[in-house]
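J.: One-letter residues, chain by chain:
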Amino acid sequence: MKILVCISKTPDTTAKIAFADNNTKFAADGVQWIINPYDEWYALVRAIELKEADASIALHLVNVGGADSEPIIRKALALGGDEAIRVNSENADSYNIAAQIAAVAKDGGYDLILTGKETIDYNGSSIGGMVAEFLDMPYISNASKLDVQGTEATVVREIEGGEETDKVQLPVVISCQKGMAEQRIPNMRGIMGARTKPLKVIEPAATETLTSVVSYDLPPAKAGVKLVPADNPEELVRLLHEEAKVI
Amino acid sequence: MVLVFLDQADGHIKKSSFEAACYGAKLAEMLGTTAEGILLGTVNDDVASTGTYGLKKVHTVADASLNNLDAQVYTKIIAQAVEASGADVIIFSHNSSGKAIAPRLSVRLKAGLVSGAAALPDLSNGFTVKKTVFSGKAFANIAVNSAKKIIALNPNSYDITTTGGTAEVVPFTATIDAARVKVAGTSKVTGEIPLSEAEIVVSGGRGLKGPENWNLVTDLAALLGAATACSRPVADTHWRPHHEHVGQTGLAIAPNLYIAIGISGAIQHLAGVNRSKTIVVINKDPEAPFFKAADYGIVGDAFEVMPKIIDAVKKLKSA
Ligand SMILES: Cc1cc2nc3c(=O)[nH]c(=O)nc-3n(C[C@H](O)[C@H](O)[C@H](O)COP(=O)(O)OP(=O)(O)OC[C@H]3O[C@@H](n4cnc5c(N)ncnc54)[C@H](O)[C@@H]3O)c2cc1C
Ligand SMILES: Nc1ncnc2c1ncn2[C@@H]1O[C@H](COP(=O)(O)O)[C@@H](O)[C@H]1O
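Which chain is which? The protein sequence lines are Y and U, in order.
Here my numbering is used: the first residue of the first sequence is 1, the next is one more, and so on.
Here my numbering is used: the first residue of the second sequence is 1, the next is one more, and so on.
Simulated from the structure, these hints should not be mistaken for laboratory data.
Honestly, I wouldn't trust all of these hints.
To be verified - Pair ranges (Cβ atoms, derived): (1) U:Arg206 x Y:Arg184: 16 to 26 Å; (2) Y:Gln183 x U:Asn145: 33 to 43 Å; (3) Y:Pro219 x U:Met30: 19 to 29 Å; (4) U:Asp45 x Y:Gly30: 46 to 56 Å; (5) Y:Glu243 x U:Thr161: 44 to 54 Å; (6) Y:Asp107 x U:Asn67: 49 to 59 Å; (7) U:Asn67 x Y:Asp29: 43 to 53 Å; (8) Y:Gly30 x U:Ala64: 50 to 60 Å; (9) Y:Gly224 x U:Leu31: 36 to 46 Å; (10) U:Asp285 x Y:Glu234: 17 to 27 Å.
A virtual CB, placed ideally from N, CA and C, is assigned to each residue, including glycine.
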């Protein structure tokens, strides 16, 4: 079996969100870049667990991004990927990124393509579904469990107010979220080994985009908290009822 | 024409779809056209009554095999409906179904997708849609440059208004593929309000000391008809079930009222709740970061304050 995990690079969860160039660009100065947490903790670690249970599995990584993606790709290799492909393309939209991943996936003949449920910067929740449509594969989104027996995957996905268990024949694209696996820390052997694992750089196949970012805005600042004295919490209830009108 | 996907589960159209319908109707008005709906599967609701949300027509494919979602099957049917009806903008709710279908449809129709939309498009210079980015910490204005366009609207971000109108219900004949995804079972939290759809959420953090104190959260939630939530360490230590975990790595919610009790307000927690319309924080530490994101707050001990709040709400509800 061959697994492809889609890895994206995002600002660290504590990064200060600010914009430059007339609010048209994310101000990246001093920002720490990480593997998007959903890609790392859930998609990648689950793929590694599947490989640990079946050594014949080939585990590949794909990233669409510039050379500055390489540190996060190396980290993913240190955690346990076998080899990685970077499509050398920047500032593309979701449609374009998905087209690049689909082109890589088509060449590689993967049985399982895993993504995170969303990137924590663009919050698209889109790439997985788009890749699946390009490849005419089934797609299960927001999966919290994944098991594979032979050519069949059993997947639990989140739905409003509960979960649904699905069975599907491989190949399939799955977007992963909490529940699927637990975060891991790469060990020294992994880090050393990652230096020599193959990281192939290819040029983008598709050029088309359908959307573009015009500008960014920060949400309006809160007016400031209205504090109610601790000895009169009844006043809070009155304010919520009469002023905010939310209860 | 603006086509709105009406999502359903357990025989009922979801509330988030009514929101999408109102949004679609308003957008249609802005574009000088009309809004129609598409409904797949069988429902017990009176479909014509969705006209009250501004839909002129609803195309229905009332085939029970569609009561389970297979995003691939759904996408092909919706694409046929788009072609037959000549829709140029398709609206989804950015909920579990929308996240599965809208991206596929985007590729199939070569229609630019804006998911997580937070407002109506700006038509003054092309077609630009505001969406949440950076987990609710910012917005991006996205230009959609393709002829056909898809918008997936954040739940709880557009007001539902009713007109009293009725929609014409027209059966749509589509080619329906066999589903490749087989649903083996569903389990839903019963007797509880699903967190993602709740208008009020009461949430507890590590400040509550242990699961035995959770009646302070659940009693208030029951009185307010609210859902309950918690911070990540609370779910990680199994004080509360995992599906209650909100934040960067848990669920992102946007209720009208979010009440946080004994939660510090770490940036990763805020990422999941900062779109709430009114935020109330109860924390004994005046320096807790959550107060900066709050509308109302009490600096005090939850064990003293909460019973009094619960009593006051009881009084209010019985008045
Ligand atoms: C990558 C990453 C992702 C993360 N994702 C999430 C996420 O999705 N969701 C999330 O919640 N966290 C997340 N975290 C963890 C987050 O950083 C915080 O550690 C966590 O939110 C803290 O939970 P807490 O506020 O319940 O606990 P604490 O930080 O321990 O805060 C407890 C609070 O209770 C107050 N308190 C104590 N006693 C009382 C009392 N008697 N009455 C009133 N108040 C009292 C204290 O003053 C304190 O402010 C993430 C962290 C990382 C690094
Ligand atoms: N540039 C990228 N390269 C590789 N994978 C990506 C990239 N962007 C997004 N993905 C994958 O697609 C998922 C969803 O992204 P998004 O649709 O932007 O929320 C992410 O969690 C990643 O797994």
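J.: Now look at each hint and say whether the structure bears it out.
T.: Hints versus structure:
no., hint, verdict
1, U:Arg206 x Y:Arg184: 16 to 26 Å, "holds (24 Å)"
2, Y:Gln183 x U:Asn145: 33 to 43 Å, "holds (38 Å)"
3, Y:Pro219 x U:Met30: 19 to 29 Å, "holds (24 Å)"
4, U:Asp45 x Y:Gly30: 46 to 56 Å, "holds (53 Å)"
5, Y:Glu243 x U:Thr161: 44 to 54 Å, "violated (23 Å)"
6, Y:Asp107 x U:Asn67: 49 to 59 Å, "violated (37 Å)"
7, U:Asn67 x Y:Asp29: 43 to 53 Å, "holds (51 Å)"
8, Y:Gly30 x U:Ala64: 50 to 60 Å, "holds (56 Å)"
9, Y:Gly224 x U:Leu31: 36 to 46 Å, "holds (39 Å)"
10, U:Asp285 x Y:Glu234: 17 to 27 Å, "holds (22 Å)"
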